[in-house]
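A.B. asks: In case you want the letters, here they are:
Protein chains: 2
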Amino acid sequence: MKLLEDRIREEGVVKEGNILKVDMFLNHQMDVVLFRQMAKEWKRRFADAGVNKILTIEASGIGIACIAAEEFGCKVVFAKKTQGKNLDGDLLTTQITSFTKGRVFDVIVAKKFLGPEDRVLIIDDFLANGCALEGLISIVKESGATLVGCGIAIEKGFQAGGDKIRGMGVRLESLAIIESMDGGKLTFREDGT
Amino acid sequence: MKLLEDRIREEGVVKEGNILKVDMFLNHQMDVVLFRQMAKEWKRRFADAGVNKILTIEASGIGIACIAAEEFGCKVVFAKKTQGKNLDGDLLTTQITSFTKGRVFDVIVAKKFLGPEDRVLIIDDFLANGCALEGLISIVKESGATLVGCGIAIEKGFQAGGDKIRGMGVRLESLAIIESMDGGKLTFREDGT
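If you read the protein sequences in the order shown, they are chains A and B.
In this text, residue positions in the first sequence follow this note's numbering: the first is 122, and each later residue adds one.
In this text, residue positions in the second sequence follow this note's numbering: the first is 122, and each later residue adds one.
Mixed in with the good hints, there may be bad ones.
One copy or two, either will do: identical chains are not told apart, so a pair holds if it fits within one copy or between any two.
[Unchecked claim] The list that follows gives simulated cross-link-like pairs (lysine-lysine, DSBU-like), each with its CA atoms no further than 30 Å apart: (1) K196 / K306; (2) K233 / K123; (3) K262 / K123; (4) K136 / K233; (5) K262 / K161; (6) K202 / K232; (7) K142 / K306; (8) K136 / K196; (9) K136 / K202; (10) K306 / K233; (11) K232 / K306; (12) K136 / K285; (13) K222 / K202; (14) K233 / K142; (15) K123 / K202; (16) K306 / K123; (17) K222 / K136; (18) K306 / K262; (19) K164 / K136; (20) K262 / K233; (21) K142 / K232; (22) K285 / K262; (23) K232 / K285.
Hints were generated in silico from the structure; no laboratory data involved.
Chain A extracted, bound-state conformation:
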């Protein structure tokens, strides 16, 4: 998606260790004009999928997921990160290793919000090694819902997550795929849009 690639080029900052900072518009300050265009693009790509629930994970997935939910005409559920406390009620749970934060989170969704009647689109802001996405996929499977696919804003195509998720047979639509950011120079994968 050219609009998003342009914003990453203009306002993204590449830091040492293959870190891309996009806090100007995506995950600290949030540009909802851009979010609306991203949401319309996910809707275009998943128009035929019968999505009736969006699943995301706190915190920075929530904004894009809410705007996308208006396009799909459905509700959002966000998975909560906990650290082993206050786990009461009927819960879907998994664990996610965060490499950036250097720890393991329990991730929970109340069972009553995902079930066999749901056709779920997972939305998140970043895909790198894929741990968060694998966790959300396992929660969808545990719930008995149908996973229709995953919509990601920015995929780091040089890390293993994208191949791993696509290798599982999951439909994965990333709006911008970074092939390389060696030496601070951003190269995007051609996506034909």
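Add chain B to chain A, keeping to what the hints say.
C.D. replies: Structure of chain B alone, referenced to chain A:
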């Protein structure tokens, strides 16, 4: 706001210890149709305020803040909760005591996202004792921005936060104010809308 009060009556669950669970539509599952109506109501109430930035705090403020930002035609910044790690860069910081989670968070906003040119509306889902809101207000003051007011979804009117914030001279617009939930019976404050 009658629409929100009705949803709280229909889908809210009162638990022991004056806890109100609204996870069906506000802070775990999120009903963006309702969020859009709430956003329009905040826009109506703050139509004259020249809002050009919305500030919220992760996680459950982000969804309502993003939808509201479309109504106001501005960007959102969300404050991040940390626990003393990774505090780099030029930051506005404060501390917030969470009674529900029983701990103190450092709360941060990058300085580059709030400054004297900003007219800030703070949006959050709940107001009870007011600690989170006081923290966000202190961040706005530290930044040199103008605070135009606070838009809250649900205020627990029987706790001290609302009086405290209004007593500071801050314009506070809560869409539903609960006067009492003794014995599980919800009573709302009349707001004339």
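A.B. asks: All hints are to be evaluated individually against the structure, with a verdict given for each.
C.D. replies: Hints versus structure:
For the homomeric pair K196 and K306, the shortest alpha-carbon distance between copies (28 Å) is at most 30 Å, but the shortest distance inside one copy (38 Å) is not. Taking CA atoms no more than 30 Å apart as the test, K233 paired with K123 passes between copies only; the shortest distance there is 26 Å, against 38 Å inside one copy. Proximity of K262 and K123 under a CA criterion of 30 Å is satisfied in neither setting, with 33 Å inside one chain copy and 38 Å between copies. Taking the shortest alpha-carbon separations for K136 and K233, only the inter-copy value of 18 Å comes in at or below 30 Å, while the best intra-copy value is 41 Å.
For a Cα distance limit of 30 Å, the shortest separation of K262 from K161 inside one copy, 26 Å, qualifies, whereas the shortest one across copies, 37 Å, does not. Taking identical chains as interchangeable, the C-alpha atoms of K202 and K232 lie at most 30 Å apart whether they share a chain (15 Å) or sit on different chains (26 Å). Only within a single protomer do K142 and K306 lie at most 30 Å apart by alpha-carbon distance; the minimum there is 14 Å, versus 48 Å between protomers. For the homomeric pair K136 and K196, the shortest alpha-carbon distance between copies (24 Å) is at most 30 Å, but the shortest distance inside one copy (36 Å) is not.
With identical chains, the CA atoms of K136 and K202 are at most 30 Å apart both within one copy (26 Å) and between copies (22 Å). Proximity of K306 to K233 under the C-alpha cut-off of 30 Å is restricted to the inter-copy arrangement: shortest distance 24 Å between copies versus 45 Å within a copy. Within a single copy, K232 and K306 get their C-alpha atoms only as close as 44 Å, which misses the 30 Å cut-off; across copies the closest is 26 Å, which meets it. Taking the shortest alpha-carbon separations for K136 and K285, only the intra-copy value of 25 Å comes in at or below 30 Å, while the best inter-copy value is 43 Å.
Taking CA atoms no more than 30 Å apart as the test, K222 paired with K202 passes in both settings, with 13 Å inside one copy and 13 Å between copies. In this homomeric assembly, K233 and K142 come within 30 Å of each other (Cα to Cα) only across copies, at 14 Å, whereas the closest approach inside a single copy is 36 Å. Taking the shortest Cα distances, K123 and K202 never come within 30 Å of each other, neither inside one copy (32 Å) nor across copies (32 Å). Taking CA atoms no more than 30 Å apart as the test, K306 paired with K123 passes inside one copy only; the shortest distance there is 17 Å, against 53 Å between copies.
Taking CA atoms no more than 30 Å apart as the test, K222 paired with K136 passes inside one copy only; the shortest distance there is 16 Å, against 34 Å between copies. In the homo-oligomer, the alpha carbons of K306 and K262 never lie at most 30 Å apart, since the shortest distance is 38 Å inside one protomer and 38 Å across protomers. In this homomeric assembly, K164 and K136 never come within 30 Å of each other (Cα to Cα): the closest approach is 32 Å inside a single copy and 38 Å across copies. Taking the closest pair of Cα atoms, K262 and K233 come within 30 Å of each other only inside a single copy of the chain (14 Å); across copies the shortest separation is 41 Å, beyond that limit.
Proximity of K142 and K232 under a CA criterion of 30 Å is satisfied inter-copy only: 15 Å between copies versus 34 Å inside one chain copy. Within a single copy, K285 and K262 get their C-alpha atoms as close as 17 Å, which meets the 30 Å cut-off; across copies the closest is 46 Å, which misses it. Proximity of K232 and K285 under a CA criterion of 30 Å is satisfied intra-copy only: 26 Å inside one chain copy versus 38 Å between copies.
In summary, the numbered hints that this structure violates are 3, 15, 18, 19.
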